[in-house]
Structures are given as C-alpha cells and as structure tokens.
Amino acid sequence: MMTRRFWFLFFLVFLILLSLPLWGSSFYMFLVTEIIALSLFAMSFDLIYGFTGMLSLGHATFFGAGSYIFTLSIIYWQANLWVALLLAINGSAIIAWVIGFFAVRARGTNFIVITIIFSLVIFYLSFYYKSITGGDDGLPLKVPDLVLGFLSISIHDNPMANYYLVLAVVSLCYLFYWRLIVSPMGRLFVAIKSNEERTQYIGFNTLKYRLISFVISGAFSGLSGALCSMTTHYTNNKLLHWTTSVDVVVWTIVGGAGTLIGPVMGACIFTFFREFISFHFKQYPIVIGMVLIFFIIFIPQGILGYLLGLIRRERK
Amino acid sequence: MDSILNLQEIHTFYGKSHILHGITLEVHEKEIVCLLGRNGVGKTTTLKSIMGLTPAKRGNILFQGENITRIPNYLIPRLGIGYVPQGRHIFPDLTVRENLKIGIVDNKVQVKTYEEIFSYFPILRERLNQFGGTLSGGEQQMLALARALVPNPKLILLDEPSEGLMPRMVKLVVEIIQKINHTGVSILWVDQKLVTVTEVSHRIHLISKGRVEYQGTPGELVENREIQLRYLGVKV
Amino acid sequence: MAECLLETRLLTKRFKGVVAVDRVDFQLMKGKLHAIIGPNGAGKTTFFNLVTGGLSSTEGHIFFQNEEITHLPSHEISKRGVARTFQITSIFRDLTTKENIWIGALSRKRFVGPFSEASRIFDLRSKTEEIMVLLNLQDKQSVVAENLSHGDQRLLEIGIGLSTEPQVLLLDEPTAGMSAEESTRTAERIKKLSEKITILIIEHDMDVVMGIADLITVFDQGRVIAEGSPTEIQDNPTVQEVYLGT
Numbered sequence: 001m002m003t004r005r006f007w008f009l010f011f012l013v014f015l016i017l018l019s020l021p022l023w024g025s026s027f028y029m030f031l032v033t034e035i036i037a038l039s040l041f042a043m044s045f046d047l048i049y050g051f052t053g054m055l056s057l058g059h060a061t062f063f064g065a066g067s068y069i070f071t072l073s074i075i076y077w078q079a080n081l082w083v084a085l086l087l088a089i090n091g092s093a094i095i096a097w098v099i100g101f102f103a104v105r106a107r108g109t110n111f112i113v114i115t116i117i118f119s120l121v122i123f124y125l126s127f128y129y130k131s132i133t134g135g136d137d138g139l140p141l142k143v144p145d146l147v148l149g150f151l152s153i154s155i156h157d158n159p160m161a162n163y164y165l166v167l168a169v170v171s172l173c174y175l176f177y178w179r180l181i182v183s184p185m186g187r188l189f190v191a192i193k194s195n196e197e198r199t200q201y202i203g204f205n206t207l208k209y210r211l212i213s214f215v216i217s218g219a220f221s222g223l224s225g226a227l228c229s230m231t232t233h234y235t236n237n238k239l240l241h242w243t244t245s246v247d248v249v250v251w252t253i254v255g256g257a258g259t260l261i262g263p264v265m266g267a268c269i270f271t272f273f274r275e276f277i278s279f280h281f282k283q284y285p286i287v288i289g290m291v292l293i294f295f296i297i298f299i300p301q302g303i304l305g306y307l308l309g310l311i312r313r314e315r316k
Numbered sequence: 001m002d003s004i005l006n007l008q009e010i011h012t013f014y015g016k017s018h019i020l021h022g023i024t025l026e027v028h029e030k031e032i033v034c035l036l037g038r039n040g041v042g043k044t045t046t047l048k049s050i051m052g053l054t055p056a057k058r059g060n061i062l063f064q065g066e067n068i069t070r071i072p073n074y075l076i077p078r079l080g081i082g083y084v085p086q087g088r089h090i091f092p093d094l095t096v097r098e099n100l101k102i103g104i105v106d107n108k109v110q111v112k113t114y115e116e117i118f119s120y121f122p123i124l125r126e127r128l129n130q131f132g133g134t135l136s137g138g139e140q141q142m143l144a145l146a147r148a149l150v151p152n153p154k155l156i157l158l159d160e161p162s163e164g165l166m167p168r169m170v171k172l173v174v175e176i177i178q179k180i181n182h183t184g185v186s187i188l189w190v191d192q193k194l195v196t197v198t199e200v201s202h203r204i205h206l207i208s209k210g211r212v213e214y215q216g217t218p219g220e221l222v223e224n225r226e227i228q229l230r231y232l233g234v235k236v
Numbered sequence: 001m002a003e004c005l006l007e008t009r010l011l012t013k014r015f016k017g018v019v020a021v022d023r024v025d026f027q028l029m030k031g032k033l034h035a036i037i038g039p040n041g042a043g044k045t046t047f048f049n050l051v052t053g054g055l056s057s058t059e060g061h062i063f064f065q066n067e068e069i070t071h072l073p074s075h076e077i078s079k080r081g082v083a084r085t086f087q088i089t090s091i092f093r094d095l096t097t098k099e100n101i102w103i104g105a106l107s108r109k110r111f112v113g114p115f116s117e118a119s120r121i122f123d124l125r126s127k128t129e130e131i132m133v134l135l136n137l138q139d140k141q142s143v144v145a146e147n148l149s150h151g152d153q154r155l156l157e158i159g160i161g162l163s164t165e166p167q168v169l170l171l172d173e174p175t176a177g178m179s180a181e182e183s184t185r186t187a188e189r190i191k192k193l194s195e196k197i198t199i200l201i202i203e204h205d206m207d208v209v210m211g212i213a214d215l216i217t218v219f220d221q222g223r224v225i226a227e228g229s230p231t232e233i234q235d236n237p238t239v240q241e242v243y244l245g246t
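Residue numbers (the working numbering), protein chains in the order written: chain A, 1 to 316; chain B, 1 to 236; chain C, 1 to 246.
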C-alpha cells in the first residue's frame, strides 16, 4: 500500500488540508475541523476492531469522557490548554484500562455486551450528575489560549488557529498509529485478530496485548472528544450516547476496517452527509441505516477495502 | 438382490483436507454391510457424505437408483434414509417422546406407532416423559436408533452404535439391529471393532486413508489375520 | 543417560463422569521421536491438551525439564520450549506464509514494542528465512496462508511451531487429510526434523508411525496399556486385541 501513488495522494490531501483556511469559507473550515477531529476517533476504533479484532459498541464512553475531562478541567480548575488535553488523554486511558480489564477477559458477544453495559452506566451517570455535566443541555466552554513559550494564540476566537492545532495534533496521532501498525506490536495485534488461540500457543499472553490495544484506542478516542469540544466550544452527554458508539462502527465498516484511512473516509462521508442531507430530509438516519445494511451485505470490506482489492487485481 | 445404495468414487474434503480418496461400495437390499477401519480413515465422513452433511465434491451417491449426491441435506431423510450418528446426538433438553416425534421427518410418510417402537425398545416405554439428557448411555443409544426408525426408513446408517457401551448393552444393541434388519431394512454400519459385527454382517469393507482396501464376508475376514492386523490393528 | 524432557505423573483428567485420562505416567526423552497411538476415545488429544496448557488437569503432575508446569497457561508453557500443532489446521489464514512464521519467531523476543519497524528486525528475518527454507516454503512466502494447498498448510502448521525454537515439538495427527504419498513425504520430513529436535506425535496412520517412531506408547480408555519399539508393539497381543476388540 505504501506505493508512490499512495504517497502522492497522501501529500496532495495534506497540502489541500494545509491550505484550506486560505480558500475555504469559515463554514467549511469548521466542518473540516470537526471531521479531522472525528477522524482520530475513527482511527482509534479501527485499532481495536480492524487490527485487533475486538468489536466495541461502547466507544462513545472514551470519546465523551475525553470531551468532559477536557471541558470540566477548564471550567473547574482553569486548566491551560495543554494540561486539559493531557488530562483528557490520560483520563480516558485510565477509564479504558478499567473497562478493558473486564472486557478483554471476554470474547465475541460477551465482550460487546460488557462494553455496552459500561457505556450505558456512564451515560446514565451523566444524567444523574446533571449539575456537573449539564446532561443533555450540555456545557458551554471558553477554550483557553494556546501558550507556546512566550507566544499566546487565541483558539477560542480564532477558527484558523483552532484548525491548525487540530490538524497538527491529529497528524501526529496518525503518524503514531502508522508506526504502531508496522511495529512488532502492531503485527501481533493482527495475529490476535487472525487466530487468538494459536497466538497464545506460540507464547503470547493475548489478554495483555488486547488490553494495551484497548487502552491506546480509548486514550486517543478521548483526545478526539476533547478536540471536538475544543472546536465546538461545547460538550453534552450525547457524546456518551450509544448512537455515538454506533456512528464510529458505521464509519469503519463503510469506510473499510483495518486500513486506518478507511474509517477516516467513513467519518468524512457521514459527516458531510449529515450536514447536507439532513437539511433536505429529516429522516436521514433511515438512509444511513440502509447504506450500512447495503455495505454489510455487498461490500463488507468497505469502500477502501474494495478499492484496494481492485488495485491488487489490477497489479496481477 | 437389488442395490439400494451405491457409492461411486466419492471424494470428500473438509476445507482443503482431502479425506475420502474415491470410496466405492454397494449395499444391497436387506443387507447389513459394515465399514471398518481405524480412526481418521474416513468412515464417519463417508456416512456424512451420504447424508449431505459433508457433501462429496466428486463422485456419485445413488439411493434406489436416484442420484442424491448434491441434493439439499434436509431432504435426504425424507427419501427413506435414517441416520444414527456417532455419539448418538439425541436432544438432551427434549423428552424421549419429543425426541421420537422429531423422527417424523415427513408428514406424508407412514410412521411407526409408539407400540411398535416399544416392541423393539421396551426400556423407552418407562422413560417416555424423561428428558433425553437424563438417560444412560445405553438408553440414549436406544433412543437414537428408535428416532431413526420412526419414519420407517428403507436404509439406516449407523456410526459406531456400540461405542462406550458395556458389553451387555452392546449385545442388546446388536440384537436389535439384527431384528430391524429382519423386517427388511438395509443397514450400513460403521465401526472400529471387528468382533462387534462379525456375527451379524453380510459383508465387510475395510477402509484405510479414505479408500476401500478390502472387501469380503465376515467368514473370509476372520480367517485372514494379516488383513485384520494391517487395516484394523497396528501391523504394517 | 538420556535426559527426560517432558514427564507426567499420575496425570488424570475427569469430565462429567468420564475419565478421559487416567493416572498416566509418561516420559518423553530428549532426542527421541516418540509416538502415541490408540483407538478412538483413548485420550490422546486430551493428553496433548493437558501437557500444553490448553486444559487443566484434575489430578497429577506435569514436568518440563524438571520444572512443574501442571497449572501453567498455554502461553507460559510455550515460552518454556513446548510447541504444538493442531489436527485441524490452525494457522493465521489472512497473513502470508512469511508473516505466519515471523510471528512465531517474534514470540522468543523478550520485548514486543511499538517502536521499531517489524520488517527491519534482522534476526527475526533470518530465522523466518531459515525455517521457510527448511520446509521448502520460501517460494510461497508471499502467498496468503488461506490460499496454500492443504499439504503446504500442514507444513506451515509445523513451521509456526518450529519458529518458536522449541525443545519439544508436539505434532497432532500431522498427516490428517493427506493422501498416502503426501503422508510418506511428510513422515520423511518429520524424521529429518527429529534429528535436531525431540518430537512427540499422535498419529493414526500406522505406516507413518511404524516407519519413523523410536518409541511408541499405546493409550486405551485414558490409560497407557503398552510401550515399546515399533516391532514390539506390532507383536504385542494386548495391543492387537484392543484395536480389534476381542
């Protein structure tokens, strides 16, 4: 996959993204910022699902947790931007560790059920503690300025700075994920997905590695949630809702699991879809459902999976 | 005597694993034909291929002249073939009565009455309302046989019917099978132990590595110690 | 004095009412090609599952190189140098031949990190190369395992086991589903492997077993009923009776 054609496309896209604020309207810039932030969520889900073979239907827990930790640390502790983001990552990582501790001891359906249960509990807790979380009303947020040495850049009032910050962070995360999947640990994740029992019989404690995958995924999903709230200046517990968990699964399946970029494409498509179709058609979730069913039956490898298959056949 | 079952060069695979390398054999009407061989040679696979559970990739299976090689497997019992799988596989959460009722594979076929069943398997009369899982090994074997017998099949496939049973039970099972055969039902019987089938079978086939390597009457085989050791024992 | 690598003492496994393995005393000596045979339900595969950590024993002890491994999980036992293959092929179907073996080789590294680039790790590359050449799979190194022939998949099965640099290799019916000719070739391969590594094999194919085993243990109904050289076993009347059922 790492061919010259790929690199060319990759840099082209990156250049477009880099230059977007110069030619895009503020509406598009906002939308693309959101998509880039959500891409991180999508990639993080792909790590556990497309690479390690664990289907979680409760990933909104980490996304929402990251968003809330970010927001609440700013509101209550006046945390600066870096600290808030770091707390979001670490907090989500800890939550992922706790949930993962139980979840990875289960397989298949039981694993899914455990992720769902924790997700529901946390969602309902967010209603119970509405005074802190704002429940579905949510909490507005004043994003602190970005301080780099003696330079202070406004993020809250400067959409362009916000955009570049999100782009920079997510790009770094993408590089991290890319290194991870070509590393021995990444190859081990894939082996676990392929045949977990055999992986154990050749000497690996698969529970340990599944937990590591789960925690990394949770941590960066949290960062994604934080970046989203940073961009929208807002958080509410819809981010913890099971529909958010389903969203990321839909992006991954339609985009193509196990490819890192596939789920990003899925996030892109569905976010644009939501923006433009919902305007004309209030019942657009039905359309999303139909699209999902179509893909599961006819193109289970997703769009990117399908395209890669074509390229492979073309090579032969 | 007419042929009721005809296997012609059957090749069956489990995925890529080539288990049957061209099985050819014939069962005539009212015969008890036995298939013997060590583990892993393809005896169970042969029966499963006939029943369509692991369909044959190549070759033909003819039942009463009709080619049944690739018809959907749930239709095969309705043609008049009963199957008693290895390990019995009765339904543990259903009662004996319900297990027997499941044996009615086709509403159009004349089935055996309860009385007729009890005449072969008196023990089941007392257990009619007990759950299958509470029966002893021997009783479960009876139930599995009875279930196969319910729709009045013309041919019954047996896979190691005496496995894991006490010698007394084994004798009983063999007697019942012989009784069933005397009413005109043909039997294809798979087993590992020669001594179990010598008294009742008409012909014996020995299978090795997915192929029929020897065929003869029980009398002939009992005389031939070399062949016995080669295909059933540990001699090479 | 030959070294005993794998030993069981009074090893027992009971399921609901059934004793699958009954007080088995067993010794696998270093450098030998040892075979386990027995009729159906004799407990051979259960025995394998017990000594490789796939199943927990009810009673008894298992020792590997004099260390007690009775209650260790399968990955711990593998780390100590016991590799096993499966009767029903259990390879990494969506990985290539090379990656399959590479993963096995990776298991011997103390640290599996997210930092280096996997394909660049030299010692893993050379070990993988070595094993592929040994099993004549190097021409198919980039073929996705799912697409290999059955015989090659069975070889890959063994290759994955070998890549973990075991002291002992347990082969569960390695010639399952093979034709007579393929079985012979596989048997020769196994014999050749036994020159470098201690092998314990479960097999039903008597030609294979009698042809290559140094020592044969016969199981029946969970118990060891005989042990000896191929000739001794073939001439053993108890064994013949157990198989023929008289």
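What the hints contain is simulated information worked out from the structure, not anything from laboratory work. Just so you know, even glycine gets a beta-carbon here, dropped at the ideal spot from N, CA and C. Misleading hints may appear alongside valid ones.
[Said to hold, decoys possible] Derived list of chain C stretches under chain B, where covered just means 3 residues or more per stretch with a C-beta under 8 angstroms from a C-beta of chain B:
#1 34-42
#2 57-66
#3 174-181
#4 199-207
[Claimed, not checked] Think about it this way: if two alpha-carbon atoms lie no more than 25 angstroms apart in a straight line, the pair counts; the simulated DSS-like pairs of lysine-lysine are:
#5 C:K192 <-> C:K140
#6 C:K32 <-> A:K208
#7 C:K79 <-> B:K235
#8 B:K235 <-> C:K109
#9 B:K101 <-> B:K57
#10 C:K109 <-> A:K208
#11 C:K79 <-> B:K16
#12 C:K192 <-> B:K235
[Claimed, not checked] Have a look at the derived ranges for each label pair, beta carbon to beta carbon:
#13 C:R80 <-> A:E197: 14 to 20 angstroms
#14 A:W178 <-> B:N73: 31 to 37 angstroms
#15 A:I153 <-> C:R80: 39 to 45 angstroms
#16 C:K109 <-> B:F91: 33 to 39 angstroms
* Hint numbers not upheld by this structure, sorted from lowest to highest -> 2, 6, 7, 8, 9, 11, 14, 15, 16
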